[in-house]
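Asks: The primary structure of each chain is shown beneath.
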Amino acid sequence: MPDPKAVITLDVNGDPVEVAFAPHKTLLEVLREDLGLTGTKHGCELGECGTCAVLVDGAPVLSCLVLGLACAGRRVRTVEGMAEGGRLHPLQEAFADLGAAQCGYCTPAFLLTAQALLAANPRPTRDDIKQALAGNLCRCTGYIKIYEAVELAAARMRGEDARPAPETLYGR
Amino acid sequence: MAGDRKLRVIGKAHRKVDAAAKVTGKTMFADDLALPRMLWCRLLRSPHPHAEVVAIDASRALTAEGVRAVITGKDLPIPFGILPVSQDEHALCPDRVRFVGDPVAAVAATTEEAATAALDLIDVTYRTLPAIGSPEEAVATPEPCIHDYGDAGNLHKLIDLEFGDVAEGFAEADVVREDLFFFGGNTHLPMEQHAALADWSGERKLTIWSSTQTPHYLHRALAKVLELPPARIRVIATPNGGGFGGKSDPFNHEIVVAKLAMLTGRPVKITLTREEVFYCHRGRHPTLMWVKTGVKRDGAITAMHFRSLLDGGGYGSYGVASTYYTGALQTVTYQVPRYKFQGARAFTNKPPCGPKRGHGTPQPRFALEVHLDKLAEQLQLDPAEMRLRHLQPPNAVTANWLRIGSMGLGRCIEKVVEGSGWKSKFRRLPYGRGVGLACSSYLSGAGLPIYWNNMPHSGVQLRCDRGGGVTVFCGSTDIGQGSDSILAYIVAEVLGLDPFEISVVTADTDLTPIDLGSYSSRVTLMSGNAALQAAERAREIIAGPVARTLDIPATRLVFAGARVFDAEDPEKGMTFAEAVGTAEAAVGTIGTVGSYTPPKSPGRYRGAGVGPSPAYSYSACVAAVDVDPATGIVTVPTIWIAHDVGRSINAAAVMGQVEGSIYMGLGEALMEEMVHRDHERRLVHKWPSLLEYKSPTTLEMCDVVTYLVEDPDPNGPFGAKEVGQGPLLPVMPAVANAVYDAVGVRVDEIPVSPEKVLKALRSKAKGKGGRVGPTSFPDVPWPEPTRVATPWEGGDGKADDAGRGGQGRAGADGAHAAAVVRPERQH
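Chains as they are written, first to last, in my numbering: chain A, 383 to 554; chain B, 277 to 1103.
Heads up, some of the hints might be wrong.
[Said to hold, decoys possible] Dumping the calculated DSSO-like pairs for lysine-lysine here, alpha-carbon to alpha-carbon at most 27 angstroms: (1) B/699 with B/572; (2) B/701 with B/650; (3) A/512 with B/568; (4) B/848 with B/282; (5) B/568 with B/962; (6) B/302 with A/407.
These are calculated hints, taken from the structure and not from any lab test.
All values derive from a computational prediction rather than experimental measurement.
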């Protein structure tokens, strides 16, 4: 017989959620398989690539290394919860505007990790961004459009009327 | 002509049409799919690099909890492979395994855990065979053969082509130089692991969703192996979470889940583990190269002779084409009046190599561009100046009969030389800092398909309705490069619409006309041309009735801003929706098709099928490096890259492709490497993990200064050429050349890793030359050369003595292979 299921309640993207799952499951598996939130991706399930990052109580965690059970009563934010009221989050807008998402597979984790960065540091330098995103691998973009998108979103979130530099979109 | 109109969409920076789905997590990748009653599949893989499969006993697994089926090679006896000349794979090995990771059995169970647990209950009896670990060993060990086909022993493919008399060219030269290089193997490492889901319907129809770059070729392989009519198979390529060439072959796991779905009557899904992705591989062939070039004092090349020896791994894959590609594009950048190429691909007992971004051309480009750097130094010429003096002119036909169209390499070199401050830096920076330059070129799509046929390479259907809705249907596959968006921009440009109002349906063999797939940088040019044709036909159909209604000549109509109106009186017109309605009333439902077939190539010798392309992109690159002489660690602060893209369709997407190419090239240059443990001939992958296979993070990635050069090519849609692969090519040689500029040592091997730099520095300190790299090229049994007269010798593109050439068995049975024989085409 399968193991008896664990039942927990937690806050997922602002909604109170009750979920039953086999107790050995990771948060990644609970999100994808038991809650149908497939926006959270995986690249290794060994904590190596950062692709499965979500926010737990505001901090980025690798959901493949966290047991679902450990998230009882906690606030989990996934990419599905970033847009509010049908409006994209400024980071999502900037990633879309600049092409910071190519294949899009690593994108949810980059967005959430960047969101945590900007919550702590609204005016990050390029080096701050590199340090914050160093645990996330992207094979498509070379990271540059991601840095530029985080900078653009940060400026917009500070209320500045920021636009991408022409050389970002057209080269020199 | 579309090119004559003022462009409203083309060339601007746009979002991609799927950008919102990608940033909200709504894009459904293959592993995001699930169906009711779905079973999970896992594959049992060989622990031996080379062994006979003596017996498989699955009885214990079959009775395990949750297990619904176990299959072995006996259930899938028909071989397959991407190229018609190398149908050497089985979905499950029936009698022999050829690398650690080769699958022998598959389980379908109610949960992934149950399927995984059942693998341990399958008893396989192997009889191990001697394993071959390198191409040098393969040359020296013709028996036992890893495969029962190939050109000689364990040599899968042997090529010997000679264009003009190279001996005469070397005799004319002022300087003749020979060099040896090695390019290590590396892998694609897409963030998404391969996944596939198959469903067998009550109507005996198979549907498979898979993260494949080539749904059409998968369709053909499934039909062959499963013995189903193609019309009973529907292949849907899900958006790929990165491909880079690694999802271009039909794979074991795709065929296995299809078979298991047919046997169980239930949907079956598989998602490979990251470890398994390393076993699928099909990545960069490790390649040993020897190059000999004769030059005049001004750097003009008089002759070039190039040899390559590729480590193919356990199966054919694209390898015959890869081997030709290591010799094909040496001639399209600088003038090479006489050229000889000898290429060999060896079978070894390692994961099969295949096409990775640049497919077979980054290795020889590395060799050539470092070789030219050494020649320039020997001739006391500036390497940029030397290249600029001897560029191929536009519209040239090369010694090996490749027809070049637009050629913007000169402008690319000028851009990076100026932008990087080359002249004030080269050979002038303090010890430890350096700059290096390299150039390259790549195809905008292979001129021939994988299997011989006269049909279009890309097809588009277009429907317009009275509500103003437009849908583009195309078999092309978006792997993140933005091919779906290209279709929308081009149709929007022609019909005067907003690209985001156009619906795009792609990569579904039931719904979309065939496109050959996302490989060889072919999609923008080929599907773009097909979309352009379909859109222009729709415009023409709509324009006639609208012009009659407005009582003006159709030539005066403008399609712009979702309106159709009189150029001379813009108020006089109607909305696009009204225009379609007017046309529907006059001629009926509005639908058009477009298709694209590349132009015929002038080369007509055996082997001329690899290299031709409708257009060639060009890139020039300057890399700056800092080398720490104490540790050998190379850091790259900045790369300047100029790329001749013909014309940008979406400038922002072009920038993304350039930056992504630089990134991947940087990883190859400095760290990425497939390494196999050779202890007791285990040949097991040393580090099949994302942590231990080193790839650049944000902390290693360099700054990139990009210059887009637009030299429109008449064969490209609106002049567009490729950008997805070409800018990767010059990075590795530019970095290697910069390391020499910085510390005076030559690492003639990729990757340029710290231990090699240190070894070279120590060698230099001992007065031993300061070079690390291969020192010999094995004695390969080359066939009799195929001699082809060059265009300037009055040749006709055919071999001197048709039918001659000893290209071996692959030639004899390769009548349908693009890579081997290029029969006459009919147009």
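Asks: Evaluate each hint against the coordinates.
Replies: The hints, checked one at a time:
no.	hint	in the structure
1	B/699 with B/572	23 angstroms, holds
2	B/701 with B/650	18 angstroms, holds
3	A/512 with B/568	43 angstroms, violated
4	B/848 with B/282	20 angstroms, holds
5	B/568 with B/962	34 angstroms, violated
6	B/302 with A/407	23 angstroms, holds
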